[in-house]
Amino acid sequence: MKETVKKSSVNEINAMDRDEFVRTLGGVFEHSPWVAESAWALRPFASGQELHEAMMRTVRRSGPDAILELLRAHPDLGTRLAVSDYSAAEQQGAGLGELTPEEYETFRGLNESYVGKFGFPFILAVRGKNKEDILAAMQKRIDHSPEAEREQALREIERITGFRLADLIEGDGEATA
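Read left to right, the sequence shown gives residues 0 to 176 (numbering that gives the first Met the number 0).
Incorrect hints may appear among the rest.
As the list claims (entries may be wrong) - In the SDA-like style, the derived pairs of lysine to any residue whose C-alpha atoms are separated by at most 25 Å in a straight line are:
(1) K128 / G108
(2) K5 / R149
(3) K128 / E97
(4) K116 / F162
(5) K139 / E150
(6) K116 / R149
(7) K128 / M55
(8) K139 / S37
(9) K128 / K139
(10) K139 / E157
(11) K139 / D166
Hints in this document: simulated from the structure, not taken from any laboratory.
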């Protein structure tokens with residue numbers, strides 16, 4: 000995420016029209032502005048946490064095809080392909096921007112195996128983690144069942160989007176009267 004992102008209060012978010020709301024929050028869920036579009040109608044929110052919970056309910060109630068599309072919108076970790084500003088900053092912070100050629104090949108191979116088994120990229124909230132933590136998680140989770148891994152991926156998206164919203168909402172995220 001770029002350092003110049005303006006934080007908004009919950010009151011400001013509640014007052015946004017649909018277009019501004021989606022422009023501001025549409026990237027929180029990776030390449031899935033439909034989450035923000037759907038959540039807009041649920042305003043007003045009393046806090047950033049309430050906003051996040053509403054967005055996650057929107058995701059979980061969207062049906063299996065929409066959830067799979069959301070999961071597939073995430074980039075492979077350690078990829079050299081173009082990713083969103085959010086993902087680029089998060090991966091850089093975890094050291095994935097400085098992989099050696101050997102590490103890159105390890106990540107590439109694991110990503111390929113993971114996608115082959117589950118049908119979507121490996122998703123992990125990488126904030127506070129390093130490349131060794133990420134590699135260990137990939138190696139562990141490749142043995143999950145498809146159902147367990149889909150649920151784990153949704154829990155990771157919940158953590159990722161929670162971090163992203165906290166970065167966008169100023170103060171304690173509480174609305175004022």
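field: Numbered hints the structure breaks, given as an ascending list
entry: 2, 4, 8 and 11
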